[in-house]
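**Q** As you go down the protein sequences, you meet chains A and B in turn.
So that you can map any letter, position 25 of the first sequence is 25 in our numbering, and since no number is skipped, the others follow by simple counting.
Count along the second sequence from 1, then add 203; that gives the number in our numbering.
Check the hints yourself; a few may be wrong.
[To be verified] With a straight-line cut-off of 16 angstroms between C-alpha atoms, the simulated EDC-like cross-links for lysine to aspartate or glutamate are: (1) B:K300 to B:E552; (2) B:K427 to B:D478; (3) B:K449 to B:E468; (4) A:K44 to A:D54; (5) B:K524 to A:D55; (6) A:K56 to B:E568; (7) B:K356 to B:E379; (8) B:K524 to A:E79; (9) A:K56 to B:D567; (10) B:K524 to B:E565; (11) A:K56 to B:E470; (12) A:K98 to A:E74; (13) B:K257 to B:D350; (14) A:K98 to A:D72; (15) A:K47 to B:D547; (16) B:K427 to B:E470; (17) B:K257 to B:E379; (18) B:K213 to B:E332; (19) B:K494 to B:E402; (20) B:K300 to B:D350; (21) B:K512 to A:E79.
Treat the hints as calculated values from the structure; they're not laboratory data.
No experiment lies behind these values; they were computed from the predicted model shown.
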Amino acid sequence: MTKTSIDTISPDYRTILEIVGPASSVLDLGCGTGELLSLLVQEKNVKAQGIEIDDKAIFECVAKGLSVFHDDIETGLPEYGDKSFNYVILNQSLQQVKRPDKVLQEAFRVGSRVIVGIPNFAYISARFQIFFKGKVPVTPSLPFEWHNTPNLHFLSLLDFIDYCEKQKIVIEDSYFMNGQGKVRLFPNLFAQTGIFVLSGYMQ
Amino acid sequence: MRNNMVDKDKSIGIVETQYHTFAAPPSEMELDSGNRLGPITLAYETYGQLNNEKTNAILILHALTGDAHAAGFHRGDKAPGWWDNMIGPGKAFDTEKYFVICSNVIGGCRGSTGPASINPGTDKPYGLEFPLITIKDMVNAQVRLIDHLGINKLLCVAGGSMGGMQVLQWVASYPERVFSAIPIATTIVHSPQQIAFNEVGRQAIMADPNWDNGNYYGRRLPVKGLSVARMVGHITYMSDASMNAKFGRRVKNERQPFKFGAEFEVEGYLQYRGDNFIKRFDPNSYLYITKAIDNFDLSNGQGFNHVLKGVQTRFLIIAFKSDWLYPAYQSQEIARACKQAGVDAIYCELNSTYGHDAFLIEVDEQAHLVTHFLQRVFEGV
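Please model the complete structure; the sequences and the hints are all you need to start from.
**A** And the structure:
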């Protein structure tokens with residue numbers, strides 16, 4: 001396994017690394033090329049499993065020594081037993097699925113905790129681009145053009161917090177960051193990304 | 204000899220088939236059916252060196268008409284073994300790192316005990332006196348070979364199609380003896396469609412008047428029956444796209460004296476493949492082995508996930524999108540069972556257009572997956 005230097009990793013990965021407990025079991029939904037998962041294996045010695053739909057990405061996961069299923073995260077979870085993972089991670093993938101509500105429901109069923117990372121559509125530069133340029137925003141956390149974006153849903157950090165409130169989803173912790181690091185002031189304006197630790201539905 | 208001088212860097216070179224004989228009466232091997240069979244000879248080949256700890260042994264298992272000659276060249280042969288593109292120095296099953304064994308199956312006709320072997324009770328070929336065998340019997344015989352080679356636990360069992368069934372059976376029967384498993388383009392249970400194609404093959408053989416209830420040894424052989432069986436088989440191993448690419452609607456050049464002679468290239472190809480099959484395959488073996496495949500069902504009434512419960516073997520499951528004989532959904536079922544049982548697994552569906560044959564032909568991506576998977580398993584041993 002090629003080692004990634006801990007100093008060069010992105011703020012959102014660093015945050016997830018801090019959240020996940022050592023030697024826990026992790027299911028990464030939409031794990032891509034497996035960077036985050038292999039960091040978690042390397043730094044936290046987790047038992048890692050990924051699900052990814054892109055075959056080229058899977059080849060890279062396997063080259064990193066990861067266990068990954070070539071599958072759709074909207075249909076690939078029913079076989080897992082209840083609470084079979086300590087953490088289910090949906091980093092930058094929830095906004096790419098057709099039915100985020102269904103995926104979240106399943107994630108809560110199979111995981112004790114769900115970590116969701118979302119790009120903030122209300123980031124200040126995005127607001128500027130819409131308001132002054134009249135164009136769909138392209139930001140570091142939303143790097144795609146309208147015609148090639150894999151994102152199906154566009155939401156702000158506030159949208160997600162509101163959604164959790166309405167769905168009675170418990171947000172245990174939240175972290176907001178931009179390219180430099182954590183954002184503490186007006187995150188919905190200044191953060192590019194939000195990471196939420198969710199512990200399930202309110203009883 | 205000259206041929207493999209050219210390929211010296213990539214090929215394992217000259218190899219020879221070896222034979223292990225066991226279960227001599229009165230210690231015959233008990234079969235799944237309750238019948239006893241012995242003595243049993245298994246043909247096998249080995250490539251590379253077994254390490255001192257005996258932890259680098261990989262068992263390769265072949266498909267319906269395959270044999271123990273998986274890699275390298277037999278003296279005087281121009282063509283290498285059937286998986287030479289996967290096995291050899293620096294290849295996916297790297298013979299510089301691993302000790303690779305390929306075992307033939309009982310019921311076969313490529314050096315192992317089967318219906319063409321001499322029945323010690325009658326001193327004549329068994330023919331239909333040969334007992335029905337199962338995939339489990341094949342594996343039970345292979346265990347005796349692995350014991351004979353002094354290997355307690357295999358680093359990996361790997362194979363495609365019927366080889367994949369043996370892989371799954373190995374894990375089901377001897378999970379403590381396999382660190383990892385690579386079932387490719389295979390299934391937990393043979394489907395009605397798959398049984399149907401095999402039945403057409405068997406009926407073709409049995410409809411040949413020369414078949415004579417299997418008593419054709421030393422006489423005229425049921426060449427045409429076996430040929431038709433092989434033709435059907437070949438069609439199912441290819442895909443619409445691969446047949447289009449290989450033959451199109453091209454016609455053969457020479458004029459046919461007979462109205463229904465082979466006019467299209469695809470007809471000529473199938474007939475050639477079919478007619479030549481008798482040179483290396485026994486029609487009765489075709490009956491016995493296809494029956495073993497059709498009877499294969501590891502779901503055990505409960506599902507394969509129950510079989511896998513508590514199993515520590517790691518899986519790499521590979522399917523091909525264009526394979527309509529062993530469609531990807533069957534491999535997904537293996538993957539699902541692994542998920543349910545909490546067994547560590549990788550599942551990948553590859554894009555080849557070659558149909559079921561892809562695992563033999565288009566091996567680059569498959570080799571990439573196998574290389575890295577084995578590396579990780581070997582590191583953990």
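**Q** For every hint, state whether the structure bears it out.
**A** Hint-by-hint comparison with the structure:
1. As the CA atoms of B:K300 and B:E552 are separated by approximately 27 angstroms, the hinted pair breaks the 16 angstroms bound.
2. Between B:K427 and B:D478 the alpha-carbon distance is near 7 angstroms, which keeps this suggested pair within the 16 angstroms criterion.
3. For a cut-off of 16 angstroms, the pair hint linking B:K449 to B:E468 stands: about 9 angstroms separates their Cα positions.
4. Between A:K44 and A:D54 the CA atoms are separated by roughly 26 angstroms; this puts the pair beyond 16 angstroms, and the hint is violated.
5. This hinted pair checks out: B:K524 and A:D55 have alpha carbons roughly 12 angstroms apart, not beyond 16 angstroms.
6. Restraint check for A:K56 and B:E568: satisfied, since their Cα atoms lie roughly 10 angstroms apart, inside the 16 angstroms limit.
7. For a cut-off of 16 angstroms, the pair hint linking B:K356 to B:E379 stands: about 7 angstroms separates their Cα positions.
8. Taking the CA atoms of B:K524 and A:E79, the gap is about 22 angstroms. The hint is violated against a cut of 16 angstroms.
9. For the hint pairing A:K56 with B:D567, the CA-to-CA distance comes to about 13 angstroms; that is within 16 angstroms, so the pair holds.
10. Between the alpha carbons of B:K524 and B:E565 the distance comes to roughly 12 angstroms, so the proposed pair stays at or under 16 angstroms and holds.
11. A hinted pair counts as satisfied when its Cα atoms are at most 16 angstroms apart, and A:K56 with B:E470 does not qualify at roughly 37 angstroms.
12. Taken as a hint, the A:K98 and A:E74 pair is honoured in the structure, with Cα atoms around 8 angstroms apart against an allowance of 16 angstroms.
13. Distance restraint check for B:K257 and B:D350: the Cα-Cα separation of roughly 12 angstroms lies within the 16 angstroms cut-off, and the hinted pair is therefore satisfied.
14. Proposed proximity of A:K98 and A:D72 is supported: the alpha carbons are some 11 angstroms apart, at most 16 angstroms.
15. Restraint check for A:K47 and B:D547: the C-alpha separation of about 9 angstroms stays at or below 16 angstroms, so the hint holds.
16. At most 16 angstroms may separate the alpha-carbon atoms for a hinted pair to count; B:K427 and B:E470 meet this at roughly 15 angstroms.
17. Straight-line distance between C-alpha atoms of B:K257 and B:E379 comes to about 15 angstroms, which keeps the hinted pair within the 16 angstroms bound.
18. Taking the CA atoms of B:K213 and B:E332, the gap is about 44 angstroms. The hint is violated against a cut of 16 angstroms.
19. Taking the CA atoms of B:K494 and B:E402, the gap is near 9 angstroms; set against the 16 angstroms cutoff, the hint holds.
20. For the hint pairing B:K300 with B:D350, the CA-to-CA distance comes to about 21 angstroms; that exceeds 16 angstroms, so the pair is violated.
21. Simply put, B:K512 and A:E79 have alpha-carbon atoms about 14 angstroms apart, close enough for the 16 angstroms limit, and the pair holds.
Comparing the model with each numbered hint stated earlier shows that hints 1, 4, 8, 11, 18 and 20 do not hold.
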